[in-house]
Amino acid sequence: MALLEVSDLHVEFDTYGGTVHAVRGVDFRLDEGQTLAIVGESGCGKSVTVQSFTGLIPMPPGRIVRGGATLRGHDILGGGRIDGKEVRGREIGMIFQDPMTSLNPTMTIGDQIAEPLQVHAGMKRRTAHARAVELLEMTRIPEPAKRAEQYPFEFSGGMLQRAMIAMALSCEPSVLIADEPTTALDVTIQAQILDLMVDLQRENGMAIALITHDLGVVARMADEVLVMYAGQVVERGSVDDVFYRSAHPYTLGLKAAMPTNQSEGEQDLQPIDGSPPDLFAPPEGCGYAARCPFAMEACQGPPPVYGIRAAAADAYDHESRCWLHHEDCDIAAEGVHKGE
Amino acid sequence: MSEAAAETPLVEMRGLTRHFRIGRGEVVHAVDDVSLAIAPREIVGLVGESGSGKSTLGKTLIGLHDKTAGEVIYQGQRMPDRYRPVDFRRYARDMQMIFQDPYSSLNPRMTVGEIVGEGLRLHSDLRGAEARDTVASWLVRVGLSPDHMSRYPHEFSGGQRQRIGIARALVLEPEFVVCDEPISALDVSVQAQVVNLLGELKASLGLTMLFIAHDLSMVRYVSDRMAVMYLGSLVELGAANRVFFAPKHPYTELLIGSNPEPDPVSERSRPSTAIRGEIPSPVNVPPGCRFANRCPKVMDRCRTEAPELIPVADEGHGHRQVACHLYDAAA
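So the sequence lines, in the order shown, correspond to chains A and B.
Mapping of the first sequence onto this note's numbering: residues 999 to 1338, in sequence order.
Mapping of the second sequence onto this note's numbering: residues 93 to 423, in sequence order.
Source of the hints: derived by calculation from the structure; they are not laboratory data.
Hints may be right or wrong, so weigh each one.
To spell it out: a stretch of chain B is covered by chain A in this simulated footprint if at least three of its residues, at any positions, have a beta carbon under 8 angstroms from a beta carbon of chain A; those stretches are [unchecked claim]:
{"id": "1", "stretch": "304 to 318"}
{"id": "2", "stretch": "335 to 347"}
Pair by pair, the computed Cβ-Cβ distance ranges are [claimed, not checked]:
{"id": "3", "chain 1": "B", "residue 1": "Gly410", "chain 2": "A", "residue 2": "Glu1170", "range": "49 to 59 angstroms"}
{"id": "4", "chain 1": "B", "residue 1": "Met391", "chain 2": "A", "residue 2": "His1072", "range": "53 to 63 angstroms"}
{"id": "5", "chain 1": "A", "residue 1": "Ser1040", "chain 2": "B", "residue 2": "Pro379", "range": "21 to 31 angstroms"}
{"id": "6", "chain 1": "B", "residue 1": "Ser296", "chain 2": "A", "residue 2": "Asp1276", "range": "53 to 63 angstroms"}
{"id": "7", "chain 1": "A", "residue 1": "Met1105", "chain 2": "B", "residue 2": "Pro378", "range": "32 to 42 angstroms"}
Lysine to any residue pairs mimicking SDA-like chemistry, simulated, CA-CA at most 20 angstroms apart [claimed, not checked]:
{"id": "8", "chain 1": "A", "residue 1": "Lys1253", "chain 2": "B", "residue 2": "Ala277"}
{"id": "9", "chain 1": "B", "residue 1": "Lys294", "chain 2": "A", "residue 2": "Asp1266"}
{"id": "10", "chain 1": "A", "residue 1": "Lys1253", "chain 2": "B", "residue 2": "Val357"}
{"id": "11", "chain 1": "B", "residue 1": "Lys151", "chain 2": "B", "residue 2": "Ser127"}
Backbone N, C-alpha and C define an ideal beta-carbon position, used for all residues, glycine too.
Construct the complete structure from the given sequences, taking the supplied hints into account.
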């Protein structure tokens, strides 16, 4: 049984301008000790996906139209409503992109870390506070007892993110959701935080769902990768399959848009022209067709998900949502891995 | 590249320094004694952690901050220490800046036509239809459409706004542009669009650029030379590829070692190179090398004696300068 399983998730938002179809059928599973990376550009629905099963989507205007989520087989998304508090904090810990704005500026760091312990684990204030100091120490904050008495403004960005991790892990959750945890940090501090997450995962076996747009961070952290575009998963597979045997043109496009850091024979950057589709009225067919160099007539209709035969036996299925993988398609799409 | 450095520089900073007084006798050493010459049509990339003084250097260079000490020589002419309105008017045609945040650097109450055309109105003789045509042609040049002139910034995406910022900076056809993190707020696919656009404009206009960013891979890709800054001073300077692939200063080595590559196999095999600690406060900086307290190769002398930026042999790849006692001992 999967630790966390999300199936056929559809999320919409009602706005003055109409209904935004933010997530249009996403499914994934997450097992213990595994790191799943969700990548894609701003507005592709990666954050909304994880917020929906942690009860962080304001409803209204948000709406979970369809789909389910189970944690160890228990439904946590019954009837489109979710009791977030039950799950959040205790079973699922979250860290966010901007630690400066995700912490309460009027509470000490120690009190903020102790709060979930008092709420979820029923600890007394004093015990919770002592545990908060231990957690700060676990996230390698020097002088944890002194730091616990300080306020967020007295912390640097990297230290705040450590405090956020301490808070997220306080109730020993089985899943840690990290939504762009290092985007606001320098590469040196990013390396420290990523190392810390890997160490903590090794110690307590939690699963990590990592949302990021940085393919370098994905390569460093992920076991499995979901590539999202316009509210849908367009490719999924083991990190090696997605990077070295990319099967969806969007994944290829992302890779070609980044410098490769080869000292010789370097390719020019290939930007992806245009911009993502308007999710007020998402196209009926493939969301990427308008920007895709291989687009053809068939792309006006919604592409099915094709399984790609893996080059090596792998624990993760490799799938791509693209007509190029149809058995009758004989277009030679350069760079697209078809699995033969 | 390295030949260019030998040419007469277009812009030269000599001992450029910018301090901020923050009361109680405390001083923030944002930029300390930076000397750097940029040749015509050269792109110099400037990297460093937040708080290292990159943006302050860029702003001091073009006069948005007063200089505390040192000088800037532009085309052989010494620029004022403190810009008055008349100086901005005089030099706006020569030097411009592209800002980091495309959301806060455009006036939300001005139309795109007004934003891009403001420079022409203030600094050129073009008026009316002529000015409008120039603005329209610049919008086309940066990949927007003339129809966008009557729209407001909020109607555009981040990448489009950055293009508006680029059109605004380049409409006067300056010689020298400071790009302060022009791509960090953008998505990967859009970053490549903006970088390629800057590359095309550099080729067609012969632009010279100081390209400030913290994305090391992108800076290496864009720049001819790369300068690494730490706590207000330059620690290394050389050909971009050489600095990236063969760093000499221990800080550069750790900085580049922290940069994750989009390549799972090399990431798995890479040892953890996480640098210890964080960048210290630039208030009342200690004597000696500023990196000493985090440096894995620290020696006694580093704590008392500040290293100078000195030329170091770069195995036949032009000039390299490094500020580290490891190299002046060898010399």
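Exercise for review: With a cut-off of 20 angstroms on the C-alpha distance, tell me whether Lys1253 of chain A and Val357 of chain B pass.
Suggested key: holds, 15 angstroms
Practice item. Confirm or reject the claim that Gly410 of chain B and Glu1170 of chain A have a C-beta distance inside 49 to 59 angstroms. Key: Holds, since Gly410 of chain B and Glu1170 of chain A (Cβ atoms, about 55 angstroms apart) stay within the stated range.
**Study point:** Outcome of range test on Cβ distance (Ser1040 of chain A, Pro379 of chain B; 21 to 31 angstroms)
**Key:** violated, 45 angstroms
Exercise for review: With respect to the beta-carbon atoms only, verify the hint that Ser296 of chain B and Asp1276 of chain A lie 53 to 63 angstroms apart.
Suggested key: Violated - the Cβ-Cβ distance for Ser296 of chain B and Asp1276 of chain A, about 33 angstroms, lies outside 53 to 63 angstroms.
Check your understanding: With a cut-off of 8 angstroms between beta carbons, are at least three residues of the stretch 335 to 347 of chain B near chain A?
Key -> holds (count 4)
Point to revise | Distance restraint between Lys1253 of chain A and Ala277 of chain B, which requires alpha-carbon spacing of 20 angstroms or less | key: holds, 18 angstroms
Review point. Are the Cα atoms of Lys151 of chain B and Ser127 of chain B separated by 20 angstroms or less?
Key: holds, 15 angstroms
Review point. Are Lys294 of chain B and Asp1266 of chain A close enough, with their CA atoms no more than 20 angstroms apart?
Key: Answer holds: Lys294 of chain B to Asp1266 of chain A is near 15 angstroms, not above 20 angstroms.
**Study point:** Cβ contact check, 8 angstroms cutoff: the stretch 304 to 318 of chain B against chain A, three residues minimum
**Key:** holds (count 6)
Check your understanding: Is the gap between the beta carbons of Met391 of chain B and His1072 of chain A within 53 to 63 angstroms?
Key -> The hint (53 to 63 angstroms, Cβ to Cβ) holds, given that Met391 of chain B and His1072 of chain A are roughly 59 angstroms apart.
Review point. Are Met1105 of chain A and Pro378 of chain B spaced within 32 to 42 angstroms by their CB atoms?
Key: holds, 34 angstroms
Violated hints, listed in ascending order, are 5 and 6; each of the other numbered hints is respected by the structure.
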